[in-house]
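Residue numbers (our numbering), protein chains in the order written: chain L, 1 to 225; chain Z, 1001 to 1264.
Hints listed in this document are in silico derivations from the structure and should not be mistaken for laboratory results. Hints may be right or wrong, so weigh each one.
Said to hold, decoys possible - Here are the computed distance ranges between Cβ atoms for each label pair:
1. L:TRP69 - Z:LEU1224: 37 to 47 Å
2. L:PHE48 - Z:MET1090: 23 to 33 Å
3. Z:THR1046 - L:ALA37: 19 to 29 Å
4. L:THR28 - Z:PHE1067: 50 to 60 Å
5. Z:LEU1224 - L:GLY217: 23 to 33 Å
6. Z:GLU1149 - L:TRP69: 53 to 63 Å
As the list claims (entries may be wrong) - Pulled a few chain L residues facing chain Z out of the computed Cβ check, cut under 10 Å:
7. SER59
8. GLU68
9. LYS70
10. VAL87
11. GLU90
12. VAL97
13. LEU133
14. GLY134
15. TYR197
16. ARG201
17. VAL214
18. PRO216
19. GLY217
Glycine included, C-beta positions come from ideal geometry on N, C-alpha and C.
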Amino acid sequence: MAAGRKEPKSKYTLDQGIPGAFEGETVTRRRFMTATAHGAGALAVSAFTLPALGFAAGSALFDRPPVEWKPIGATVDFPDDTYVPRVITEVSGIGQVGRTTIYVRARNEDDPPPNPPGYDEQFIAVSTRCMHLGCPVRYVDAARRFICPCHGGVYNFTGAVDGGPPVRPLDRFYTRVTDGQVEVGARYSVNSEFRRYPSYRDPAQDLDGIGQYVYPGRFSTPRMY
Amino acid sequence: MKLPLPPLPDALKPRPARPGEAERAKPLDQAKEAGIATVDWVDERTSLSGGLRWLMFRKVPKGTNWFYTLGSATMFAFLSQAVTGVFLAMYYDPSITHAYESARYITNEVFLGEFVRGMHKWGSSVMVILIFLHMARTFFFGAYKYPRELNWLIGVVLLILTFVMSLTGYLLPFDQRSYWATVVASNITGTGPLVGPFLADFLRGGAEFGSATLSRFYAIHMLLVPGAIAALIGAHLYLVARLGTTAPPWIRAESGEGIREERA
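Modelling step: build the complete structure from the supplied sequences, incorporating the hints.
Structure below.
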């Protein structure tokens, strides 16, 4: 033991000769009061810290605004051999910031069958959000490719990665046909085999192999079909 | 020639001292004493002078040079950011539909608005450059070594917080560059395994860039991080005063008279 340090006293109150001590008691009144004061302080601090943290994080992590079906045009407007651009409101109530461009075409025989099989997807709506870091891609008809201006990501006609840094094909939107009108719903992600992930992931999150577990989906996902 | 004194009421006329009484302090001497008396009054009630003397009149090693001012320079850059930021907040509106317009209003309409906004904008780069130079000085002079490791750690946290300030402040003008830079930044955050997607949602305030994102960045930029930086600068300075500064590496330790005597 270091020089100058006192020999520790016995932890039993009986050995310390405290009046009213009984056999086996270790908590003195002083220790009890100290612990009570500290406990009360910790309780008071967590009483405002924990709700504040939940307030900051809860809505952001758990709440999803409901997604509505948005009409984008008649079925005859969309051919199956090229894309037609449409601008939809993805986040409502914030003006121009919430609007985004999508590219829409009819399904053709080269497309893989929709999955899960119960979902009838006659039109394919491709998001312009680049799957590298989220810049807006544009469809170049002459090249039949989607090209990203930021870091040179290139996607082929189906939206699969053709070159550059993106990690998975372009996101898509659910589509349905109501009274001859094509409507788009929520965004979903696909992996390189065009398997559907209804809880869409942010760009740069790989969905092949262990990617879908390394980058888990969100806690709440609107159901569109 | 002596000018006549202006007429004074009797009460204000200087009176000669009574016999046996010490001579009264003249008004000029009283004025000279006033400052000292005020400081004495405060010091008697707070005992601040000891602490201030401890903080300000320290011994510095031989060889201390201009490189040792980089830390203070960084702190003054932070103070400039704090002051200009507080005043920019008087005109800025962190709402998604008005942010760009209010930033434009500051630049184009408010008196000296362009100047104050410019100081804040360019000052942020100055602060980042200075904090890097300060860090390089500490590294190359070996000033991070025992017993100053903890101060290096605090400095690293301050460096990261400065980057957080740069990131969150970049969104606030809310032009195209701000918007897309923040989209990219939140997506880079999302690449962290397992927790990344949730951190990105926390940063954006939701799955999509929305009105919550801007107000969230604003709160982080002007309330959360500046408070943390100010507190950590306090701890950083305390440790500097407590441990003292290091001599530059090219100064050789002199063997003192006492040591030579002992050897002999």
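Hint by hint, here is what the structure shows:
Distance hint for TRP69 (chain L) and LEU1224 (chain Z): a CB-CB separation of about 39 Å, consistent with the stated range 37 to 47 Å. Distance hint check for PHE48 (chain L) and MET1090 (chain Z): the Cβ-Cβ separation is about 28 Å, which falls inside the suggested range of 23 to 33 Å. Checked against the hint of 19 to 29 Å, the pair THR1046 (chain Z) and ALA37 (chain L) passes, with Cβ atoms roughly 28 Å apart. A hinted range of 50 to 60 Å holds for the C-beta pair THR28 (chain L) and PHE1067 (chain Z), which are about 55 Å apart.
Checking the proposed 23 to 33 Å range against LEU1224 (chain Z) and GLY217 (chain L) shows it holds: the Cβ atoms sit about 29 Å from each other. Checking the proposed 53 to 63 Å range against GLU1149 (chain Z) and TRP69 (chain L) shows it holds: the Cβ atoms sit about 60 Å from each other. The interface hint given for SER59 (chain L) holds, since its Cβ lies 7 Å from the closest Cβ of chain Z, which is under the 10 Å cut-off. Interface hint at GLU68 (chain L): violated, since its Cβ lies 14 Å from the closest Cβ of chain Z, which is beyond the 10 Å cut-off.
Hint status for LYS70 (chain L) relative to chain Z: violated, with the closest Cβ pair at about 15 Å, above 10 Å. For VAL87 (chain L), the suggested interface contact is broken, since its CB lies about 16 Å from the closest CB of chain Z, more than 10 Å. Below 10 Å, beta-carbon pairs count as interface contacts, and GLU90 (chain L) has one with chain Z at about 6 Å; its hint therefore holds. Against a cut-off of 10 Å between C-beta atoms, the interface hint on VAL97 (chain L) holds, since the closest Cβ of chain Z lies about 6 Å away.
Here the hint on LEU133 (chain L) is kept, as its CB sits about 4 Å from the closest CB of chain Z, short of 10 Å. A least Cβ separation of about 4 Å between GLY134 (chain L) and chain Z falls short of the 10 Å threshold, and the interface hint therefore holds. Because the closest C-beta pair between TYR197 (chain L) and chain Z is about 12 Å apart, greater than 10 Å, the hint is violated. Because the closest C-beta pair between ARG201 (chain L) and chain Z is about 7 Å apart, less than 10 Å, the hint holds.
Given hint, VAL214 (chain L) at the interface with chain Z, holds; its Cβ is 5 Å from that chain's nearest Cβ, closer than 10 Å. Checking PRO216 (chain L) against chain Z: minimum C-beta separation of about 6 Å stays under 10 Å; hint holds. Here the hint on GLY217 (chain L) is kept, as its CB sits about 8 Å from the closest CB of chain Z, short of 10 Å.
Hints 8, 9, 10, 15 from the earlier list are contradicted by this structure; the remaining hints agree with it.
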